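Novice: Given the coordinates of chain A, work out where chain B with the ligand should sit on it, guided by the hints.
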Amino acid sequence: MYCDALVLYLIHQFRGDRTISGIYHLLKGKKSSQSVQDSYLFHVKPFFHSCDDLDRHSFQTLVERLNVCGWIQSAGSEQMHFILSTEGERQLTRFDLNKLIPDGLCNTDQVNDEGNFWLKLQLSVQTISALQYHQSAFLPITRQPSVTESVRKRIMKASLNRDQLASQLHHELHQLLLPIPLTEADLFAAQLTGFRMTGLTTSQIADSTGKDPYECRILFKSALRRIMKEVAEHKATYPFIAGLMKQTASTLSLTAGETFHLLKEGLSLQQVAKRRNLSVSTIEDHLVEITLKERNFNSSDFLSHELEQQIVETANQLNTRQLKSIKNQLHDEISYLQIRLALAKNTVQKGSLLIGENEETSKR
Amino acid sequence: MVRMKKHRRDEWIHRAQTVLKEKFGHDQFRCGQQEIILDVLEGKDVFAMLPTGGGKSLCYQIPGYLLNGTVLIVSPLLSLMEDQVNALRSIGETNVRALNGLIHPHERSRVLAHLSELRFLFISPEMLRGSTIRAALAKITISLFVIDEAHCVSQWGHDFRPDYLHLAEIRTQFGHPPCLAVTATADERVREDIVRSLELHHVSQTLMSVDRANIALVVQRVATNDEKVDHLCHLLENTRLPGIIYCASRDWTERLADYVRRKLGLRVAYYHGGMDPVDRRKIQNQFLDSQLDLLCCTNAFGMGINKPDIRLIVHFHFPATMNAYLQEIGRASRDGKPGLAVVYYAKQDEQYPEGFIDGNFPDDEILHRSLSELDQGLLTIGNKEQFVSSLLERGVSESAARFIYEKVQNKPIHCTYLSIFDQCKAVINKRKAIQLQDLSVMRNYLTSTNCRRAFYLKVYHEHQPAQKPHNCCDRCGIEFSDFRQTESTNKNDTERHGQILDWKKRLQIIFKEGERADAPIRNKRV
Ligand SMILES: [Zn+2]
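Chain order of the listed sequences is A and B. The first sequence begins at 76 in the working numbering and counts up by one. The second sequence begins at 15 in the working numbering and counts up by one.
For reference, chain B alone in the conformation it holds in the complex:
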């Protein structure tokens, strides 16, 4: 019996490796992937924690080619979903679709009409609450129920999604297919929540280290902004790119981009949430296509970005949580080559994260006014977008508006809106306390006198690896020359054709066509 089991496992390994090679062009699984995939193939419920950039998509992509039926992936972020669909399309997979709030009704009907032919279906948790869609999904064979960003199920997590709470029940409705819950970071509390809330009994857990050994960590203390900018310019001139510079405000992204372009002549752009959506997409695509050396951005950039050769991540201002920090530096060097992460720390920067935390929640006055207006009928809930946008017009921040929505939606029927004021306050205080606690961990990281890597591993209750990487951190000492650019890597002219401004030439390249004969000019045109 045991031998037969072993035999079957060996066969799965063999088949998984074949798919890995033929479909994805890799020779070997990365650390942890093989165990997770085997557990999935054997029909177990699996909880997997893989660091950002650790290759978690592969854990459901490979089973998609070996199991009968459709792999259903619940994913909370539209940009992430889009990137995942794209990744599969680019390896030639045509049976992959997404259902989310941005889909045209026609596309939705097309998807629903061909559900059973799909190998992969990505879906947002909001969509899963619709009864038509659920009924259609209940009719097909779901080979694997994947819950991406599983930490969203936990109230302790940094982005709790109420819609995630229904996933266990929905899974039952689909005939209880095996479940794979994945996340990049979750501490013990969050992990317990995930397993309990998703009802993963006898779950097989694979927890990979949050550590990315190929990324060297540097904290640079500075006194003033001028000093910071000087340091940064020196760094950029001597370090391999492409790189990302995270800033705390929109204004800073624009100022830095402008300054660096003028001073160093690098191809640099800025990116933030206040930009026109098409411009945002253009900048993102330019960065992915290596038309840019450097991107100055707010934390609005990066979700769903899969560029394996980013060599430098700079935090011009430090983020509010260790979690966010690891996620952002985790975008460096996903190809496994050496990468560098530098965070600047000036005492006066502390205003930013504290401000963010306050901005995440409505203050007493706004909360009170919104609840009263709801009672008086001056404000109506409608759907989420309408509600949020009417609060935005009243000057409430977006995350504060979403918080209010989440609360008022669950108000008991028989009481007034104002009656939940105290309860809201209590939740705000609780969540704020968590966030302030996270912030103090981040601050301790920046001021720590010991190894940076040892510090964050301890935060995640992990043991230190037996051997430190060659370039570990500024405390352990690193060789900056290992990250120096060589002439051929930066400022490479062949990648510059995105900049072509001559319209005839540009059109020729876009359409892959030769020169066009100029037809006679219409003379009536003015």
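So that you can see chain A by itself, here it is in the shape it has in the complex:
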């Protein structure tokens, strides 16, 4: 089953360096936390935020099942850290990795905006369909004030009559769905709501297509990301839908972006924390995110070149990305932040330096 392969693959990539929650948070796309960094560190960026509607309970059930099957085992003595068993490795090789990661999933440039964009798109479709069928009242798919407000603005700004609106949005969606794989297009459209035609949930789609819900989620995300990429690159071709997308290109989360702005003004971490009324550890999280995503960010204020070298060497020697193990090996003055920065910098710059064996697996 797809879900088995997916979780086996992720456990393989994480190599027992994080608890199983790390994988859950990755799939959920937990913001401003370890997860963003993990997605770079373990080379699983496409999966970040790929199953944002996943609930913990069903994920745990899945992991327990893999455990019962004997495909995963505890990594050393630490609780909730898992690695693949030999049988698990074998199971994973039986699965075609190209099927595991549909192409569209790798378009992660707009990952921070995709949740919002999708809500806005669904609400636009629902609203315009209701207008087209002269339905004076309907229960909107979401009540999030920021979403309803921006859809309202978008529709007003279009200054088109209802037929034109329907025709425009239909045309844009049609053009966007046409070139993408049929399964993905169907899965995408099945979730859209119109007049007297409420969209299906992924679990309903899974039931009616016989796919497993994880595969449905991933295929849907692949479709969504293809569409967002296409729209971002050809805004003029899709004027209505482009208007639903966030305009800035940065992949930084909103909150990390704000921290970045203050750091550039010359504030220290403590000052930023104070100014933003956030904890220093949150600001540190932002700093790591900035290091990962902003190529021209200079982190030498926080980490000297020698120190960075030393950390990277240690990490390679130990063949781990577990902060605690690395810190134990080094002298006490080195902070966790410095270790995280060093690891972050080196995933970006020298890609393969830290990965070695992982790269090989994914080429299998």
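In short, the hints are calculated from the structure, not lab data. Nothing here was measured: the structure is a model prediction, and the numbers come from that model. All C-beta atoms, glycine included, are put in the ideal place defined by N, C-alpha and C. Treat the hints with caution; some may be incorrect.
Below, a sample of chain A positions facing chain B; criterion: calculated Cβ distance under 10 Å [claimed, not checked]:
#1 Asp238
#2 His245
#3 Leu257
#4 Thr268
#5 Asp282
#6 Arg351
Specialist: Positioned in the frame of chain A, the structure of chain B with the ligand alone reads:
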């Protein structure tokens, strides 16, 4: 003088009936509605108790079209508010708005800028505490001050809202407009609280029976879960739908939905509070749009649901109170046609409500720890959402977290948080005792050997109607064949287009457009 009064009353009746016909498309008022509406139109303070599904909205909607000014409706539940706004919009009313915590600041400004043009304004009690909003409302003419779910004002009630305690004072600030307090269920104690706390002097009271005569009541005793599921499947195959199955846990809603779909091929979905909000909304809309035959859900479903043709309500697990039970079965057959309510009772199900009651309150350890952490500054109150979510992270249940919030917020300034520990315990014990008492009433209902209807009417101190309905309850005997589905009612294929998976077809229907010519495919796309 008396004649003139009578004359005026007749005229109001005539005008109210005209609005009923023209705006709402009904020929006749339902039982009790006319008296309530007339009292309201004559400017009296009114307390009305109407059963769930008894048409209480109409009691303020009609006056909205006959009185000058804005009808202000205080409503504690967002979903209910949304449904009420929607109901008015769908009859073409455009001057209706809502103010609640979910409103975007821009929308709030728009509403405040056009207050005087509104015919109906729904507002949450929290919003009413804001001074800007109150000042703006004080400037317009409020024709009627409606308090929905009025039982929230009473500490004896099942969902007490501290914000409701300020409503009398707020009403004075608005120039003391006439007040209409409505609720579905309130026993004598709660009724007294409502009248006193809202300061309804010389109030005109209309108390309608909680009884819904068109709903037949069945209690089915079973020994095991397997037996229960078998019974249920048999029932579903032979009973008119759509229906709702209430379960005590999220897990059960998913398992049952899956089983019933496989076994009977019905269009069934599950619904519970652990789902993604958008998915929850989709399932709700599918049910309303008749895309589903059956919904397996927890009690998270149903508030603000207005679907008149639900024919079957099953309780796979019984609820904790008679009140909740009546409210949940009250969702059946609001159109007045026959409906069926079946509750399964297995001895082992008693764990669920007892567990709920315990889960409603913090245990000693959690309470003690939270209060100490507040004293030490490890936990801060901030606003309600922040406080509740930081307790949730500490593993406290949501209702327990809300309880703690309610208590610590009212702590006297000069003492420590820990000093209110004993007082909190006392309140917990008191409220728990009430809930356990409610539970035992429910249990007695399930084990009663007499007429079910007679039983609950007695609970609400009501007399039995002179004549029993034809299909009353399992004790009086009912004809199951009266609830049998006919071929045309279920499994109807024309309603299935929600299931269309072909994307081109789906888009055509959504946008009500013809087929689109396929443009050349961009070849650069991978
Ligand atoms: Zn009876």
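Novice: Against this structure, judge whether each hint is valid.
Specialist: Hint by hint, here is what the structure shows:
1. The restraint placing Asp238/A at the interface with chain B holds, with a minimum CB-CB distance near 9 Å, inside the 10 Å limit.
2. For His245/A, the suggested interface contact is upheld, since its CB lies about 4 Å from the closest CB of chain B, less than 10 Å.
3. The beta carbon of Leu257/A comes within 8 Å of a beta carbon in chain B, closer than 10 Å, and the hint placing it at the interface holds.
4. The closest approach between the C-beta of Thr268/A and any C-beta of chain B is roughly 7 Å, which is under the 10 Å cut-off, so the hint is satisfied.
5. With a least beta-carbon distance of about 7 Å to chain B, the hint placing Asp282/A at the interface is held under the 10 Å criterion.
6. A distance limit of 10 Å between C-beta atoms decides the matter here; for Arg351/A the minimum to chain B is near 16 Å, and the interface restraint is violated.
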